[in-house]
Every structure is written in structure tokens, then in C-alpha cells.
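Asker: Residues per chain are reported as follows:
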Amino acid sequence: MTKTDFSALMIAGFLAAAPLAAQEKPVLNVYTYDSFVSEWGPGPAVETAFEAVCGCDLRFTSAGDGAALLARVLLEGAGTEADVVLGLDTNLTAAAAESGIFTNHALGPVAFDLPVDWDDPVFVPYDWGYFAMVYDKTKTASVPADFKALAASDLKIIIEDPRASTPGLGLLLWVKAAYGDRAGDIWAALADNIVTVTPGWSEAYGLFLKGEADMVLSYTTSPAYHLIAEDDDSKAAAAFSEGHYLQVEVAARVAASDQGDLAERFLAFMISPAFQSIIPETNWMYPAVIPPGGLPKGFETLITPRKALIFPADEARKARKEALAEWLAALSR
Amino acid sequence: MARRALPIGPAGWLGAGSASLVLALSFGTLGAVLARSGGWGVLGPADWAAVRFTITQALVSAALSVLLAVPAARALARRQFRGRGLLITLLGAPFILPVIVAVMGLLAVFGRSGLLNGALGALGVAPVSIYGFQGVVLAHVFFNLPLAVRLILQGWLAIPAERFRLAAALGMGPPEIARFLERPMLKETLPGAFLAIFLICLTSFAVALTLGGGPGATTIELAIYQAFRFDFDLGRAATLALAQFAICIAAALAALRLATPSGFGAGLDRRARVQWGADGAALRIADALILTLLSLFLLAPLCAVLAAGLPNLGGLTAPVWFAALRSLGVALASTLVALLLALCLALGIVRLGGGRGRALETIGMLALAASPLVIGTGLFILARPFANPATLALPVTTLVNAVMALPFALRALLPAVRDEDEGYGHLAEALGMRGLTRLRLVTLPRLRRPLGFAAGLAAAMSMGDLGVIALFADPGHATLPLQLYRLMAAYKMGDAAGAAVLLMALSLMLFWLFDRGGRVDADA
Chain U
1 MTKTDFSALM IAGFLAAAPL AAQEKPVLNV YTYDSFVSEW GPGPAVETAF
51 EAVCGCDLRF TSAGDGAALL ARVLLEGAGT EADVVLGLDT NLTAAAAESG
101 IFTNHALGPV AFDLPVDWDD PVFVPYDWGY FAMVYDKTKT ASVPADFKAL
151 AASDLKIIIE DPRASTPGLG LLLWVKAAYG DRAGDIWAAL ADNIVTVTPG
201 WSEAYGLFLK GEADMVLSYT TSPAYHLIAE DDDSKAAAAF SEGHYLQVEV
251 AARVAASDQG DLAERFLAFM ISPAFQSIIP ETNWMYPAVI PPGGLPKGFE
301 TLITPRKALI FPADEARKAR KEALAEWLAA LSR
Chain E
1 MARRALPIGP AGWLGAGSAS LVLALSFGTL GAVLARSGGW GVLGPADWAA
51 VRFTITQALV SAALSVLLAV PAARALARRQ FRGRGLLITL LGAPFILPVI
101 VAVMGLLAVF GRSGLLNGAL GALGVAPVSI YGFQGVVLAH VFFNLPLAVR
151 LILQGWLAIP AERFRLAAAL GMGPPEIARF LERPMLKETL PGAFLAIFLI
201 CLTSFAVALT LGGGPGATTI ELAIYQAFRF DFDLGRAATL ALAQFAICIA
251 AALAALRLAT PSGFGAGLDR RARVQWGADG AALRIADALI LTLLSLFLLA
301 PLCAVLAAGL PNLGGLTAPV WFAALRSLGV ALASTLVALL LALCLALGIV
351 RLGGGRGRAL ETIGMLALAA SPLVIGTGLF ILARPFANPA TLALPVTTLV
401 NAVMALPFAL RALLPAVRDE DEGYGHLAEA LGMRGLTRLR LVTLPRLRRP
451 LGFAAGLAAA MSMGDLGVIA LFADPGHATL PLQLYRLMAA YKMGDAAGAA
501 VLLMALSLML FWLFDRGGRV DADA
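Those protein sequences? They're chains U and E, same order as listed.
Per my numbering, residue 1 is the first one in the first sequence, and the count goes up by one each step.
Per my numbering, residue 1 is the first one in the second sequence, and the count goes up by one each step.
Source of the hints: derived by calculation from the structure; they are not laboratory data.
It cannot be assumed that every hint is accurate.
Per the computed footprint, the stretches of chain U lying under chain E, defined by three or more beta-carbons under 8 Å from a beta-carbon of chain E, are [claimed, not checked]:
id	region
1	131–145
2	163–170
3	193–199
4	209–218
5	248–256
Residues from chain E shown here face chain U by an in silico Cβ test under 7 Å; the list is partial [to be verified]:
id	residue
6	A126
7	P127
8	Y131
9	T210
10	A490
One side of the interface only, derived from the structure: several residues of chain E facing chain U at Cβ under 8 Å [unchecked claim]:
id	residue
11	R112
12	A206
13	G212
Remember, it's a predicted structure, so these values are computed and weren't measured experimentally.
Every residue gets a Cβ at the ideal spot worked out from N, C-alpha and C, and that includes glycine.
Bound-form chain U, shown alone:
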């Protein structure tokens, strides 16, 4: 096969993939992270549900994870084709807001089921979760009650690198939010517990399941996956008395979009039960507005942290620099 034949085939493939009817309908471009659009993520179900009511063609474009998503949008700048960007978290929204790419939503006050108050004019939450150290109940008997106890134990943990991964950044800010100026000391004490630092969540969680460590940085909702999808109740999240850092995932409208009304409808749809009921068992996070049917069975077994920790967006950015320096200093020793 020559190269030209091949490209022609490719082009034919792309054309065939785009439904002909879609040409007449308005198109809503939603940029999101890759796992959202995968066959196992919320994307396919969300697309079907929204297209059934919007009379439009919803098209997802994906880019790595939340940080890669923001980088992509910043790279495209004001000329971005996105109408909505879905999948940033509160540690990224300061940079996103500063870019001027996004505009206010018109949802009015919404009663979010979040552990913290939410009144951001631009960013609308669609799900959230607590970071947590996840362990195997059948292997770890004495579970530490806070970071100090963890550091004093000889438990081995795997964490994600805050320079490459959003959960890694979450842990960095968790320790910073809980311990402030003493965060560096906590990291120094944790150094001998850390088996390794991975570039992303998948590597870390994979290593944990292989038995490379006693605990892994993940979410309080992780055990729900094993329980619901695999009928395995051996995984649990350790409840830490300092409180748990919160990840709130948000979406926002792009100011330059020519589909403003449709984008606004999508945001409204996003917090409606049709979208929210898809979230728990595809994204394995808590829905931002609990749908009338409640949470899926199994979620009631998850721990509920006593305290939710979170930096406001602009403080998160400042805290990151300082916390990263402390982290590097403590772990490079």
C-alpha cells in the first residue's frame, strides 16, 4: 500500500465516521480529558443523553488529563474551537481564569452537593472526590490515622509526581493545607515510606495492585470500583484526621464560542440528573448534584472524611510553588 492510498483510506474512514445528518445540526465542541471519552468513561453515555434532547451534534475532543487539557486550551488561545471545556480542577482554574478564555455561566444559584460552598461565576462543578491513601484490608492490619502516623509506620506507599500528575499535585496541596509551614517536615518524615513516585495515577495504582506497596494515593471512591464492578470488598481508603483534600472537577464556557446558547444548555444539562447519574459508575467520583435516585449501592460503604481541605483557586497556585520546593528539598535528600 502506498502512502497516498493509505491517507486516502484514512480520510475515507474519517468521513464515514461522521454521520451525514450531523452536517445540518449545530455542533457543540466539548474539550475534555482522555479518560472521560473512553468507552469506559462517561463520554459515550453523556453524548447519547445530551443529543437526545439538544437537537445538536455533541463532539468531544480529548487531551491527556486535566493539566494537558488546560495546556491545549491555552495553546489554542482565544481562537480555540472549544465551546465548553470540561475537566479542569480547582488547582488549575486560577491559570484558566487568568487566560481570559472563559466566560461566566448563567445558571444562577445551584444547590450543589459539595462538602464546600461553591459560588464561582465561571467554573461549574460536575463531580468531586477526596484524595485518600487506599490500601488492601486483607494485607494491612493497622491503618494510620494521619500523615504523622503514616510517617512513623513502616508502611510503604506509592505516590504520583506533582510535577506530572494532577493527583500528585493534589497530595502536595493536601499536606500543605493540613500542615502549612510544617509540610516540609512531614515530607521528610514520609521519605522512607515512599517506594517510588510515578508519572501518573495509572502507573501508581497498577503498581499498588501488583503488591509493590501497602498504600497508594488515590480517591476515597476507589474502593467503590472494586466493590461494584469486581465484587471485591478488600480495598479501603484510610480516613485521616487532618481532613482530606478535595478535588472538584469543573467545566466552563468559552467566551469566543459561536454556540453560546448551546454551551449554556450543556452546562445546565451537566448538573441535571441525566448527566449526574452517569458519573458515579463511569468516572468513579461523587456527582456534584446527587440525582433523585441517590448514589449507587456500594457508595454508602465509603469513608466520609471529617473535614474537607481545599485551597481557593488563586491560593492553590501560590501554594503549589512553595509546596513543590519543600517536596523536592525533602525527597531529594
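Model the placement of chain E on the given structure of chain U, informed by the hints.
Answerer: Okay, now just chain E, sitting in the frame of chain U:
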């Protein structure tokens, strides 16, 4: 090669054309990133620490890989045994596995709860840790030792059989054969193999980070990653990428200066089989031991990957199989492009010779030092005004994979092209055989074996590479490696293990088919 200090000629132009494409992809994309950022960034102390760590680990990894590969390649070259062909094919596997899969395999053997520590524990010996500098080097040797073995084995097999016969007739023993035949060959082959592996390890990121044990093991590529993602500092990313190129060029110049042509002359294309001179039981046992250790080291982690994935293979869903088909298409297309580029470049290097030839050869290696993130972002910036990046995902992946495979294809082809030119160049000229006729009748038949190997390598690498598709991703058109990551991100580690086995099997199959095709009548 003053004897034909001719005008550049068609081969030269083709070579220069291929080189320009590589330059455009490596420096052109860097330029695009730089233009977008508006200026170079400043490197901090942490960046310099990353540069130091990167170079140190790459030097150690490359040196170890090449040193260990010499006895292994020698044993493979002089021994015939059942399953030798299969072993050679399987040895290629670690090199073509996606990093995350290979790391999981390594950990099943060397990890905290791996086989090795299990055995040590049973013997009452303290466990060894894979994490840290030793882990990074171990993983890099695991990935690259097979490549080194193959490149060096090519060198051994390229020594004409007649030379070995002559050596045997002259009553030479292993020491003399080593001195007159093997050392000159190694002097030609080793620097290139070392360079290729050094450059692979230079741009390593996921391995170094996963097994490095902490931020002490930070490579330049991670620094680029960080600059792009959380700092959105394109200037700093460009500066770091340039540092990576500078190291690559310095290493290439040093290595290519060291390499000296072996000058064996031409033979009758028969393979050396038993003409090894005196052969004792001690040598035979040593070779058997070397091959056993090599197989254990390389195949045990692969068996672990197989064991974890096979039970899940049947449960894979349609999207995974479609992704596999898509990956096959991309792999075949990029193999074709890679071979064409490598052939043009190799012919250009040899026909031009001298400084211009060396310049082309250095450019041919550049792609190895290119940061996938910079190439992807640069292409994105360049392509976006003209087309929707998502529709370009597969063609761009094809092209980038081809250029990424080019250095290996070039390393495999170049010695053979050089020998062809030295051995048959005069004759071909005297017969007035030129251009396509010479290519068809003289050059290509002589290149069958390295072409097959290069094609196999390019296809398998393209199959396993996550490459730039993640940046251009088009949700409906994921390749198999991307699908594997998606499975992991959806907690489906079992299915991901199944997909890994599928990926490994397809890559190996492609590698075997091409490599086999190149060897089909080589035993005549």
C-alpha cells in the same frame, strides 16, 4: 571516498531530502514552540540537576547494554541450536513493549513482591530494591540490551563467510579470530549501537520516574513535561529540548568519530556457520551459560506479562480490537515511510561520504533526542491553522513514528550499504550499472537482511508507541497503546493486561514476519 568526489548525485539529493524532513520535524517543531512562546526560557538549578542525572544514567545504561551485548551476540553468532531463530525474535520483545507494560513485567520479577525477592526471602536473604538509580539502569538495560544484541549480531553476520573459512584454514583460534575479524567489526559497530542506546535513554521519562524512586531521578524530558503542563512555560520547554539536542549532537559527533570502517571487503553472501576455528568445551559451556542468563533476564518479565494478560485476552471488547487494527495500519504505513527515509539517507551518507556524509548521519540520529512532547506540540501549532488536529491524528502519528524508527533502521542499513559500496561499487561503475538498475540488482539483494530487520523494528516500535497520538487524540480513533492507558485509567487493570498481551503479540508478529522475510534465503 575521494575516488568519486562527484557532484551530489541522485542518492545525495534523496539523502538530503530525508535529512531535511528529519530536521523539519525536530528543529522545525522546536522553532514553532519557541515562536509561540516568544523567547527562550531560563533554566534553574533543578533543570541542571535533571540534565546531569539524565546524562549519567544514559551513559551507564548504554555502556552496560553494549558491554553485555557483545558476549551475547557472539554466542548467538557462533552457535546453532533449535529455537535459535525464535529466541532472536523474542529477544526483540522488551524493546517494543509500551513502557508501562514492560515496567509491570520487570516488577513481577524484580519488584518488592516479585519472584526474585520471593526467592531471596525463602533463602533468608534481605530483599533487594529495584527502585532508585539501579532500577532505572536495570530497566534501560532490559529495554535496550536486545537492540544492542541485534545490532552487534548484524555486524557479526556481515563478516563474509569466506573470511571465517580463511581464518580456519590458517589455523586461527578464537584469540586470532577476535583480533583480525571481530575487533575491527566491533570497532565499527559498537559506537553506533552505544550512541543509539544512549540517545534512547536520554529521552526516557516514564521509566526513570517510575523506577527512580523519587525526584532525584528527574530527567530532562520530565522537566519539559512539567514546563508544558503545569507551568505552561513554552520558552523553558524549548530551551530544555534544545539542551537535549545539543547533548545528542555532541554524543553523535564523538561516537561517529570513534567508529572506523571494518574493511572486510565483499564475499559471496554465504553465511558463516561452523568456520570458527578451534572450539573447545569451555567455550561451548560459556556460550550456553551466557545465552541462558540472557534469556532468563529478558524473557522472565515477558512471561509475567503473558501470565497476567492471557486470562483476560478473551474478554477484550470490540473497541480494543478496532484499536488493534488501527495500530496495525499505522505500523505498516510508518514502516514503509521509515524504510524509504532510511534507505535514501543511507545511500546519501555512503555516496556523499566524508564530512557531508557524517553530517547526514548525525541528522539521522537526531530524531532520538527529540522530545515527543515538543514534536507533538510543535506539529499541533503548525498544523492547526490548516486543519483540525483531530483529523490529522493518524497521519501525523504515522509520520512521527516513522521518523522515530529512522535512527534504528539507519543503524541497521548503513553498514550493509557501506559494504555494498566498497565491495561492488567499482564493479558496478565499471559495468555502467547505475541508478535504479544498480539499486535493484546489486544494492537491494545485499540489503535483504538488514532491510527485513529494520522493517520489523520500525513496525514493532510504531505498534507499541503511544507517540504523539495522545496530543492529537481523536476520541473515536484511539490506537492500541492509547486504549491500554484508557483501560488502566478506568481501573480495568485486568483488561489492560489482556490488551498488553495483544499488543505484544501483534508487535512480535510484525517483527517476526519482516525479519523472517529478510532472512528467507539467507542460509543458501
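Asker: Next step is simple, just say for each hint if it's right about the structure.
Answerer: Quick rundown of the hints versus the structure:
no., hint, result
1, 131–145, "violated (count 0)"
2, 163–170, "holds (count 3)"
3, 193–199, "holds (count 6)"
4, 209–218, "holds (count 5)"
5, 248–256, "violated (count 0)"
6, A126, "violated (14 Å)"
7, P127, "violated (11 Å)"
8, Y131, "holds (5 Å)"
9, T210, "holds (5 Å)"
10, A490, "holds (4 Å)"
11, R112, "holds (5 Å)"
12, A206, "holds (5 Å)"
13, G212, "holds (7 Å)"
When each numbered hint is compared with the structure, violations occur for hints 1, 5, 6 and 7.
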